[in-house]
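Protein chains: 2
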Amino acid sequence: MAAERMVVIGGDAAGMSAASQARRLKGPDRLEITAFERGHFTSYSACGIPYWVSGDVSGPDALIARTPEEHRERAIDLRTRTEVVEIDVPGGRVRARDLATGTESWTGYDHLVIGTGARPVRPPLPGIDAPGVYGVQTLDDGQALLDTLAGRDGGRAVVVGAGYIGVEMAEALLRRGYEVTVVHRDDEPMATLDPDMGRLVRTAMDGLGITTVGGATLTAILTGEDGRARAVATEDATYPADLVILGMGVRPETTLARAAGLPLGAYGGLLTDLSMRVRGHENVWAGGDCVEVLDLVSGATRHLALGTHANKHGQVIGANVGGGYATFPGVVGTAVSKVCDLEIARTGLREKDARRAGLRFVTATVESTDSAGYYPGATPMTVKMLAERRTGRLLGTQIVGRRGAAKRVDIAAVALTAGMTVERMTTLDLGYAPPFSPVWDPVLVAARKAVTAVRAAGM
Amino acid sequence: MAAERMVVIGGDAAGMSAASQARRLKGPDRLEITAFERGHFTSYSACGIPYWVSGDVSGPDALIARTPEEHRERAIDLRTRTEVVEIDVPGGRVRARDLATGTESWTGYDHLVIGTGARPVRPPLPGIDAPGVYGVQTLDDGQALLDTLAGRDGGRAVVVGAGYIGVEMAEALLRRGYEVTVVHRDDEPMATLDPDMGRLVRTAMDGLGITTVGGATLTAILTGEDGRARAVATEDATYPADLVILGMGVRPETTLARAAGLPLGAYGGLLTDLSMRVRGHENVWAGGDCVEVLDLVSGATRHLALGTHANKHGQVIGANVGGGYATFPGVVGTAVSKVCDLEIARTGLREKDARRAGLRFVTATVESTDSAGYYPGATPMTVKMLAERRTGRLLGTQIVGRRGAAKRVDIAAVALTAGMTVERMTTLDLGYAPPFSPVWDPVLVAARKAVTAVRAAGM
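Sequences listed follow chains A and B, in order. Taking full-length UniProt numbering as reference, the numbering of the first sequence is continuous, increasing by one, and the terminal residue is 459. Taking full-length UniProt numbering as reference, the numbering of the second sequence is continuous, increasing by one, and the terminal residue is 459.
Bear in mind the hints are in silico, worked out from the structure with no lab data behind them. A couple of the hints might just be wrong.
Ranges between beta-carbon positions, derived for each pair [as the list claims (entries may be wrong)]:
id: 1; chain 1: B; residue 1: A456; chain 2: A; residue 2: D273; range: 21 to 31 Å
id: 2; chain 1: A; residue 1: R403; chain 2: B; residue 2: S275; range: 30 to 40 Å
id: 3; chain 1: B; residue 1: E367; chain 2: A; residue 2: L296; range: 54 to 64 Å
id: 4; chain 1: B; residue 1: R455; chain 2: A; residue 2: G377; range: 38 to 48 Å
id: 5; chain 1: B; residue 1: D61; chain 2: A; residue 2: R403; range: 18 to 28 Å
id: 6; chain 1: A; residue 1: D196; chain 2: B; residue 2: A266; range: 43 to 53 Å
id: 7; chain 1: A; residue 1: G377; chain 2: B; residue 2: P123; range: 30 to 40 Å
The structure presented is a predicted model; accordingly, all values stated were derived computationally and were not measured. For glycine and all other residues, C-beta sits at the position ideal for the given N, C-alpha and C.
Make the full structure from the sequences, and use the hints.
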């Protein structure tokens, strides 16, 4: 029997996890695997780039989980600097271009895995492509920025966007000696939180010496006579900049999929079933930043670009292509981050997400501490909880604090996955000892207040 | 209408939480509350005593959440140094003795709350009550030990028992300059873990300079001519000691309840229903270290002395006595601790618990890190998971590591509460960012390995 042919588009987390898992289940005699990657690198942690820029991590090697050579040693025919330019779904083949030589060729597949990732939002404004404007999406982006930083004694940096990448890059550049201004669209930074929680982040950033400018609409990057970026212009003001970082979020990279007529959702991501098979296509799979996923709390699909999901998708695809069985049931929308020692976390729905989903809810916000109040170094944290009216079902949790704040959100993430009510959560048997928690964990304190709010709201 | 009368026996977490919560719901015109406490203190954190001894916490005031005066300000008639010596259930009254004057009197109740706590195991061996032998159960115990330590430059300390209190006291005395030997019964310390995980604790304690002696049976405390303890004798050896700490666990303090004919379980703890009402008694409630609780994983009752449960029980009792409605559904057996920077955590069943419950299971043990492997200071942690054969239901999780290890057990605690399978756990949406987790959280890595073990075990 001839070996089956698996073709992977994109050599990062989703694609290469799929390839590796399939290879574990089926040897080269039963499954040929070909993977196309247009860049130089494979299986790297883009999430680690801010820590490379800050100097915490020596890169780029440390950020690479598995090199092209290591994949090849596992009998995966990995072709870097080779870009897939067309998917022929009826013909079961892809057309790829060798970027060095320009030659193109077709490769047939029995299973196609699309892991084309995401592309950063880059509005078509004057100066947006000028030298001195940096993205933080790929290792090449990181290297370009580090080349610029090398040997400099700081200066003025403007970060456009105050999401995860924005705040992490603000920290990184602050620590590299820059005066940092973060210009962002919403009133508060970290719009992945509700504004009342985002305000806590802004206050902390102020305290660190990071200037934040909310409610700002970017209009242009102004350039000097040498063509380099020298300022960021918004509708209201101009911010001088020796370097500009774009952290305006990402969108699914689905140009190829769209051209091939594959089904896309409201956010432009590929739509799959729970086995990560592209809807309506028996032998086409997709995972990672290019897909939309089911939000288990709202019941809608959403786009969430996060390495941990991409790895899970790849694992599921690889199991299924390899002849096993696995599914990815969906997400609850957990994310954690930090700015210096401020920890930021969320899971589930924000107020506006809940409204959009047609849910009625109550909120409860409490302040507590990471460890027993009397324990040395006990630090405050704020926990906000959303619960559905009447049912009391947990809808979301946001945490802003210091030591021990971020990963506490996992408690709520598991509770959301299980569909728990806040009442049930008040009796959760969580780890307690004075160095680790007050006798009522902050998450339990929030749940108790949410129970009161649910009752007060009545029917 | 005359006010109802609530009587509380025991002024610590369970009893005073019940009193406070009931008071919140009903004012003094509707509910009279009388609380009897034989000691000087109320509502204190016994769990904090090791950190007081180590010098981390200034005590005892810091360990007192609410003083007798503060309770009295909330219209609770709190009588310290007053010991209840008899419960007359048919008569609906208790007899209490003023320890200063010796006078006794009866107090009638409509609702009785028993929060008599636990007493430390203290085998009737020669020398066990000698000066120089200390418990760590009450603030008075802590003060006695600190009085001894004051002004000393260390010496030799022997800790008997290697459970939570034992290892925490070993750390405390090490930091006070003592040479510390921990003598314990099982082969490995922390018998609340499986032996393979306890071994990791022993290795770490060795590395800290704490001597551990496993498999030891205490036979006597040897005393000097002055009558003070000077050595600990086991069946095999003698360990010189300037001071001896007893950390041999606790048992429910239910002498009064037993005499009153109230129902006790296999561990000597009071048996209640889910509303914390003593079984068969409409108006008698019990909570905290003197009760047995339902283990949601094994389905059996067990005794777990832990402040966080006592507080929850009190909250539930107070809500019910106050005319509301609340239940305590049970525990999954979560506990966390540390020895210096070693963090130790468990939840659910150990191997021997699972066998005792009649469950067949598989185990999986993995090593991972608290943060992305490339992130500076990433520290190793070991996670062990037990899953039921065939169903794959999570049965228990144990974690030994450093930074970020202990509270990760909460993920498993919530999953246990929800009855999740390890397969479902592999897709949990946990917080991921390089400073906080590898792309696969250590708990997920363990769950993946457990899935493989479940499959390999077949039917």
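Against the structure, the hints come out as follows:
1. The given range of 21 to 31 Å is respected by A456/B and D273/A, whose C-beta atoms sit roughly 28 Å from each other.
2. Taken as a hint, the range 30 to 40 Å holds for the pair R403/A and S275/B, whose Cβ atoms sit roughly 37 Å apart.
3. A beta carbon spacing of about 30 Å between E367/B and L296/A contradicts the range 54 to 64 Å that was offered as a hint.
4. The beta-carbon spacing between R455/B and G377/A, approximately 44 Å, falls within the hinted interval of 38 to 48 Å.
5. The hinted range of 18 to 28 Å is satisfied by D61/B and R403/A, whose Cβ atoms lie roughly 24 Å apart.
6. Between D196/A and A266/B the C-beta distance comes to about 50 Å, which sits within the given range of 43 to 53 Å.
7. Take G377/A and P123/B: their Cβ atoms lie about 38 Å apart, and the range 30 to 40 Å holds.
The structure is inconsistent with hint 3 alone, although it conforms to all the rest.
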